[in-house]
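The listed protein sequences correspond, in order, to chains U and D. Going by this note's numbering, the first residue of the first sequence is number 1, and it counts up by one from there. Going by this note's numbering, the first residue of the second sequence is number 224, and it counts up by one from there.
Careful, some of the hints might be misleading.
[Unchecked claim] One-sided and incomplete, this derived list gives chain U residues near chain D with beta-carbon spacing under 7 Å: (1) Leu67; (2) Val68; (3) Ala69; (4) Pro72; (5) Tyr73; (6) Pro75; (7) Ser78; (8) Phe86; (9) Pro171; (10) Val187; (11) Met188; (12) Glu189.
[What the hints assert, rightly or not] Over the 12 Å line for every Cβ pair with chain D, so calculated as not near, a few chain U residues: (13) Leu11; (14) Trp35; (15) Gly71; (16) Arg126; (17) Lys173; (18) Arg175; (19) Val185.
Keep in mind the hints are simulated off the structure, nothing from the lab. Since this is a predicted model, take the numbers as computed values, not measurements. For every residue, glycine included, the Cβ atom is placed at its ideal position computed from N, Cα and C.
Residues per chain, in single letters:
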Amino acid sequence: MMLSELDFSALWVTLRLASMTVLVLLIVGTPIAWWLAHTKSRFRTTIEALVALPIVLPPTVLGFYILVALGPYGPIGSLTGITLAFTFWGLVVGSAFYSMPFVIQPLHAAFEAVGRAPLEAAWSLRASPLDAFLTVASPMAIRGYVSGIVLGFAHTMGEFGVVLMVGGSIPGKTRVLSTTVFDHVEVMEYTQAHIISAVMLLFSFLVLLGVYIINRRFPIHVS
Amino acid sequence: MTRRNIMTAFLIAFCVGLFLAPIASAEQVQVAVAANFVPPFKALSVEFEKQSGHTVEVSAGSSGKFYAQIKNGAPFEVFFSADDERPKLLEDEGLGVKGSRFTYAIGRLVLWSQDPALVTGEDTLKNGKFKHLAIANPKTAPYGIAAMQAMMKLGVWEALQPRIVMGENLGQTSGFLESGNAELGFLALSQVLDEKLKGKGSRWEVPESLHEPIKQDAVLLVKGQNNPAAKALMDFMHSPQARAVIERYGYELK
Numbered sequence: 001m002m003l004s005e006l007d008f009s010a011l012w013v014t015l016r017l018a019s020m021t022v023l024v025l026l027i028v029g030t031p032i033a034w035w036l037a038h039t040k041s042r043f044r045t046t047i048e049a050l051v052a053l054p055i056v057l058p059p060t061v062l063g064f065y066i067l068v069a070l071g072p073y074g075p076i077g078s079l080t081g082i083t084l085a086f087t088f089w090g091l092v093v094g095s096a097f098y099s100m101p102f103v104i105q106p107l108h109a110a111f112e113a114v115g116r117a118p119l120e121a122a123w124s125l126r127a128s129p130l131d132a133f134l135t136v137a138s139p140m141a142i143r144g145y146v147s148g149i150v151l152g153f154a155h156t157m158g159e160f161g162v163v164l165m166v167g168g169s170i171p172g173k174t175r176v177l178s179t180t181v182f183d184h185v186e187v188m189e190y191t192q193a194h195i196i197s198a199v200m201l202l203f204s205f206l207v208l209l210g211v212y213i214i215n216r217r218f219p220i221h222v223s
Numbered sequence: 224m225t226r227r228n229i230m231t232a233f234l235i236a237f238c239v240g241l242f243l244a245p246i247a248s249a250e251q252v253q254v255a256v257a258a259n260f261v262p263p264f265k266a267l268s269v270e271f272e273k274q275s276g277h278t279v280e281v282s283a284g285s286s287g288k289f290y291a292q293i294k295n296g297a298p299f300e301v302f303f304s305a306d307d308e309r310p311k312l313l314e315d316e317g318l319g320v321k322g323s324r325f326t327y328a329i330g331r332l333v334l335w336s337q338d339p340a341l342v343t344g345e346d347t348l349k350n351g352k353f354k355h356l357a358i359a360n361p362k363t364a365p366y367g368i369a370a371m372q373a374m375m376k377l378g379v380w381e382a383l384q385p386r387i388v389m390g391e392n393l394g395q396t397s398g399f400l401e402s403g404n405a406e407l408g409f410l411a412l413s414q415v416l417d418e419k420l421k422g423k424g425s426r427w428e429v430p431e432s433l434h435e436p437i438k439q440d441a442v443l444l445v446k447g448q449n450n451p452a453a454k455a456l457m458d459f460m461h462s463p464q465a466r467a468v469i470e471r472y473g474y475e476l477k
């Protein structure tokens with residue numbers, strides 16, 4: 001076999017990182033997406049822009065802030081004593097910011113498409129707001145959840161800049177597939193780089209294909 | 224001209240400029256420099272530019288990355304490696320100019336910490352009062368290999384494995400240390416003697432008996448063989464003046 005144990009541990013770390021990031025984003029992102037879809041607050045546009053920011057922000061900027069602001073001498077690090085560099089959880093925090101728009105935006109769009117009418121109907125039948133959200137709005141917005149989960153997962157798999165800046169390349173903890181490709185190329189191990197790259201390429205294509213198929217199969221019906 | 228005309232003129236000039244920008248002047252030399260040699264090289268290139276009138280464009284990184292890039296057609300004209308192996312390979316492969324290769328410095332490895340009391344000697348590695356030890360990636364950075372060899376000789380390599388974090392090159396490694404994310408790590412003496420870190424923290428200069436000598440070679444690349452600025456830079460590196468600067472940064476000379 002061309003690939004080493006290190007490559008497989010990188011695959012495992014990558015999958016764990018992507019899953020954990022999506023989980024965090026579902027928990028934090030759902031309320032934000034919900035709020036964005038229903039609020040009339042004047043801060044709405046600002047929050048929308050903040051959520052979309054990571055699309056244009058270089059991941060190295062995020063990595064730099066984690067390294068410096070959250071370092072032991074940084075403002076947050078020195079106050080709280082929490083440092084995130086070289087840890088798996090540091091990568092989760094970085095990736096959560098990095099992939100935030102890819103989870104929140106599909107959710108936001110889906111909640112908006114569902115609209116208020118089905119909720120008002122549920123409320124008039126004395127469903128509690130939480131009940132209405134869980135049994136009416138969420139199933140109707142299922143497409144948003146599926147797109148958000150899949151895109152968030154896939155985008156995190158491709159995460160590179162943050163990991164390179166703060167990961168420290170620790171096998172089994174912070175060494176992921178994208179940086180492994182980089183390492184292989186640096187030492188001219190092109191065979192291994194080719195194998196991992198091909199896997200990543202195929203995976204990314206299949207993920208996007210899946211998202212488009214889902215979008216066709218499950219249109220949001222609002223009657 | 225109306226305001227709109229001025230705007231249009233600017234826009235056209237900008238678009239034309241987009242295509243003009245990449246053309247470099249013949250008096251410029253593109254240099255790839257291993258991260259450990261960047262501090263002295265900055266001082267050297269200022270002096271070189273003043274004397275020769277040429278300009279120097281510096282790219283800093285790991286020797287491994289530069290070697291791979293040069294093999295794949297990177298536009299570098301002179302390569303200052305952190306080892307003697309890669310410049311030799313480039314020469315053998317026809318990418319370096321035969322006979323141009325020379326050892327410009329012999330590097331010194333140092334264990335350094337921002338904490339003025341942490342590093343006392345080799346015992347610092349053995350008593351393990353730290354969470355993270357930063358080294359440059361031994362796969363791509365010769366100082367990483369030297370650090371690995373030293374820890375192996377001291378018999379601490381296996382035990383320290385879980386605490387070792389790796390920078391892509393020495394520059395990133397020193398970033399880990401300066402930001403305090405890693406308490407101690409192995410750097411080049413040249414980095415510790417640079418203005419930014421000079422007199423700060425604590426250090427232990429690793430005895431040369433603990434690792435293979437870090438012979439750092441430079442080579443004139445085929446891309447630069449017709450560039451007078453590249454040749455002038457190679458000559459300048461041999462001058463007593465340049466050698467004095469190199470020594471001041473803690474390197475030894477042949």
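List of violated hint numbers, smallest to largest = Hints 3, 6, 7, 9, 12, 15, 17, 18 and 19 not satisfied by this model.
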